[in-house]
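Engineer: Note that the protein sequences, when read in sequence, are chains H and L.
Under the working numbering, the letters of the first sequence match residues 1 to 417, in that order.
Under the working numbering, the letters of the second sequence match residues 1 to 434, in that order.
No wet-lab data here; the hints were simulated from the structure.
Accuracy of the hints is not assured; some may be wrong.
DSSO-like mimics (lysine-lysine), calculated; alpha carbons at most 27 Å apart, straight line [said to hold, decoys possible]:
hint, chain 1, residue 1, chain 2, residue 2
1, H, 126, L, 428
2, H, 325, H, 245
3, L, 428, L, 355
4, L, 77, H, 120
5, H, 126, L, 420
6, H, 223, H, 413
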Amino acid sequence: MADITIPPKDSFRLSMLIYDTRYRSLTIQVVFMFLLMAGATWLVNNTIYNLHVLGKDFSYSFLWSRAGYDINQRFIAYNSDSTHGRAMLVGLLNTLFIAFISCVAATVLGVIAGVLRLSKNWVVAKLMAIYVESFRNIPLLIWILVIFAVMTEAAPAPNAFRGANPSAHMWFFDTIAVTNRGVYFPEPLFFRSLGNIDLGIFLVSTDLLAIIAVMVLSILGYKRLQRSAETVQNATGIRPVTWWKSALILIAPIVILLVALGFHLGYPELKGFNFRGGVHARNSLIALWVALSVYTGAFIAEIVRAGIQAISRGQTEAALALGLKPGQTTNLVVLPQALRVIIPPMISEYLNITKNTSLAIAVGYMDLRATLGGITLNQTGRELEAMLLMMGIYLAISLIISSVMNFYNRSVKLKER
Amino acid sequence: MTDQPLQYVRTEMLEAKAPPSFQIGPLRWARENLFSGWLNSLLTLVSLYVILTLLAGVAPWFGHTVWNAGSLSECRKIIHSDFGPNADGACFAVIHERWNQLLYGFYPVEGYWRANLALVGMLLAIAPILFSQVPRKLLWLSALYPFLGFWLIWGGSLWFPISALLGFVVGGIAFRLMVEKSTVLAAAAGFVVAWLWWFFAAGPVDEGLSAVLPIALESVQSRDVGGFLLSIIIGISGITLSLPLGVLLALGRQSNMFFIRTVSVGFIEFIRGVPLITLLFTASLLLNYFLPPGTNFDLILRVVIMVTLFAAAYMAEVIRGGLAALPRGQYEAADALGLDYWMAQRLIIMPQALKISIPGIVNTFIGLFKDTTLVVFIGLLDPIGFINAIRATSDWNGIYWELYIFVGALFFVFCYGMSKYSMYLERKLQTDHH
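From just these sequences and the hints, can you work out the full model?
Structural biologist: This is how it looks when you write it as structure tokens:
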């Protein structure tokens with residue numbers, strides 16, 4: 001703005017609040033804040049009055065009272081005698097679980113579809129274009145409901161697996177059973193389990209901790225081996241042979257640990273009217289997972305495609321001219337640059353997945369919305385408190401994801417001077 | 001040097017030979033595009049297998065379509081008697097029987113012409129905004145359409161929308177009279193006069209004119225408006241309202257004024273951080289807490305407001321991207337020309353920023369239109385709501401593909417149309433030369 005105004009000689013006049021650029025922004029802000037405060041006061045007053053008329057107070061004490069309902073998928077111990085607060089926690093974990101597995105699957109699908117859509121192969125490129133366009137232009141809710149309907153109506157009943165000549169068969173060498181009551185996977189079991197640690201709120205499996213620790217250590221050892229090989233190569237020009245050492249470091253410790261723990265798979269088996277054993281993934285979980293991953297995968301495919309196309313051909317040609325192999329060209333030149341373009345929109349896709357998990361309401365998956373914002377809300381009649389808490393939790397999840405991903409984004413961003 | 005001719009050099013050209021058969025036509029194309037390497041060949045074979053499997057499953061199913069039946073069991077009986085006992089076929093009879101609910105909800109049948117007329121009017125009103133070749137005079141229709149469309153769909157006295165429209169007219173007149181003195185004062189005056197009109201004059205004017213000249217359509221309750229008509233109403237209202245609100249929010253976020261910036265950032269981040277479902281539940285469950293006791297306004301209106309606020313936050317971020325992409329020189333040039341803030345925005349900044357953000361804006365529109373399906377969770381009967389209702393009846397229990405294909409195709413046509421239009425607009429507005 002052209003702010004150079006000659007200071008007026010005469011004293012302050014009221015009209016200067018509007019016409020003088022020195023005061024105008026202050027005036028506007030004061031008026032704005034006044035209106036905002038008035039509006040907020042009006043809303044709060046209404047709320048207090050309405051609560052008073054209904055004979056309600058504003059309190060979160062219901063979180064510590066008995067919930068009295070069951071939740072069919074839980075990662076921590078819970079029964080109907082547990083509190084509403086714990087029910088909320090179970091729902092939150094279910095939300096985070098479905099969001100996480102959908103993000104992973106959507107990324108894998110999206111990267112594959114995005115790369116294939118750029119393929120010179122006409123049939124493959126068209127097929128991917130059809131996939132992307134049909135999923136981007138049809139509401140997610142329809143996909144969730146279609147997949148859920150197919151799972152419940154078209155999948156065989158457990159009964160169909162019975163008898164000498166059953167009409168339905170389990171997949172993958174009799175390990176996975178797809179039924180209209182859900183999908184049964186083999187579950188990992190240990191003969192000599194190390195037991196669990198009770199953290200007060202939930203149990204942590206020591207076996208899992210041990211496996212994670214060993215894997216992390218193996219990867220650190222592998223990194224170290226690579227570094228020392230690099231040092232030798234820089235000093236002498238000859239890279240020592242490391243592949244068998246790498247294989248040993250990466251594979252041997254984990255195999256030894258698994259054997260020591262007595263690792264084996266528990267397969268689902270038809271007993272009585274239903275399958276027993278194995279991990280039971282309900283139709284609601286499967287439908288939500290498949291729909292979210294395939295739907296968001298279409299968006300990620302477009303992001304990946306745009307990212308790859310943003311890298312000019314000259315970069316690839318220059319890398320090849322320098323004598324890099326095609327694999328090195330991709331890893332060292334194209335991908336690092338493409339990732340910079342890809343990551344920011346990818347963050348918002350992950351956020352979208354997390355928010356879209358609330359569509360679980362369509363298939364009855366017990367997520368945060370179904371526990372805190374559903375049954376708890378209806379049982380206690382605390383709409384205001386439950387909705388505010390639920391919004392706060394979703395907001396917190398979104399902010400955490402976006403700050404973590406933004407931190408990662410800053411670390412790969414082009415360093416400009 | 002001899003003057004003998006060089007005997008071994010030809011003096012005339014040979015006819016060119018025809019290229020080998022695998023170097024021309026479709027064979028060459030297939031070799032280069034489909035089978036250029038082992039990976040490519042494998043991909044081709046896999047995709048062909050996928051396509052053929054899909055076709056083998058879907059084609060007979062579509063081929064055995066039944067259009068006239070009263071229930072799913074009757075449908076299956078017809079398919080089995082016509083195409084053999086193991087045949088599987090589509091039963092689009094359900095669409096034939098229930099298309100009116102899926103499209104119009106419980107809208108009175110004798111009023112369908114009103115909904116159709118409203119739709120045609122909408123297309124006419126949108127045309128001059130979308131395409132510059134359409135006569136400019138139609139823009140008058142675009143300005144009047146919100147009132148006309150409201151009257152056609154909900155009915156009631158014609159004078160109700162007209163007296164509401166007159167509020168804008170008197171506000172505009174007040175603005176015109178004052179604008180010579182000061183733009184800020186004129187805007188305030190226009191605002192106040194319009195509000196005064198709506199609060200005090202609109203009601204009596206409506207009643208008076210209705211008494212003198214009763215022109216009215218039979219009024220339709222909001223709960224009867226449903227099906228795809230409802231999706232279009234919510235979608236179009238949300239789209240029209242969220243763009244200006246998004247522009248304001250984006251400007252607020254870029255503003256130098258601390259309070260305005262803080263409030264804009266807070267609003268945008270809050271809306272973008274929570275799922276739309278929670279906002280819709282707020283509209284249906286909590287609004288009664290926030291408003292004075294006894295207030296009870298239309299659920300469709302509440303939903304439109306929430307969807308608009310939701311889309312506006314995303315819109316604001318898209319437009320902010322466009323604003324950030326403009327070179328600083330554009331802002332400085334506008335200042336150098338002596339334009340004030342709003343003129344600079346209107347004449348220099350916004351036209352360029354909006355052009356840059358067209359793809360993002362249209363993506364937000366498409367997202368909004370798809371999100372209208374979520375209203376089913378707060379009890380509005382959009383197409384999904386009717387699908388659930390139809391699947392719950394004993395006649396059509398067990399049917400799903402046909403219904404979802406029908407509704408999915410409707411959404412696809414609208415959303416795909418929008419994305420194609422955005423590509424057209426980008427090409428049309430492209431001024432740089434490549």
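Engineer: Now tell me if each hint is right for this structure.
Structural biologist: Now for the hints, and whether the structure bears them out:
1. H/126 <-> L/428: holds, 26 Å
2. H/325 <-> H/245: holds, 24 Å
3. L/428 <-> L/355: With a Cα-Cα distance of about 10 Å, the restraint between residue 428 of chain L and residue 355 of chain L holds, given a limit of 27 Å.
4. L/77 <-> H/120: Violated - the C-alpha atoms of residue 120 of chain H and residue 77 of chain L are around 47 Å apart, more than 27 Å.
5. H/126 <-> L/420: Satisfied, since the Cα-Cα distance of roughly 17 Å is no more than 27 Å.
6. H/223 <-> H/413: Holds: residue 223 of chain H and residue 413 of chain H sit about 23 Å apart, inside 27 Å.
Hint 4 alone, counting from the list given before, is not met by this structure.
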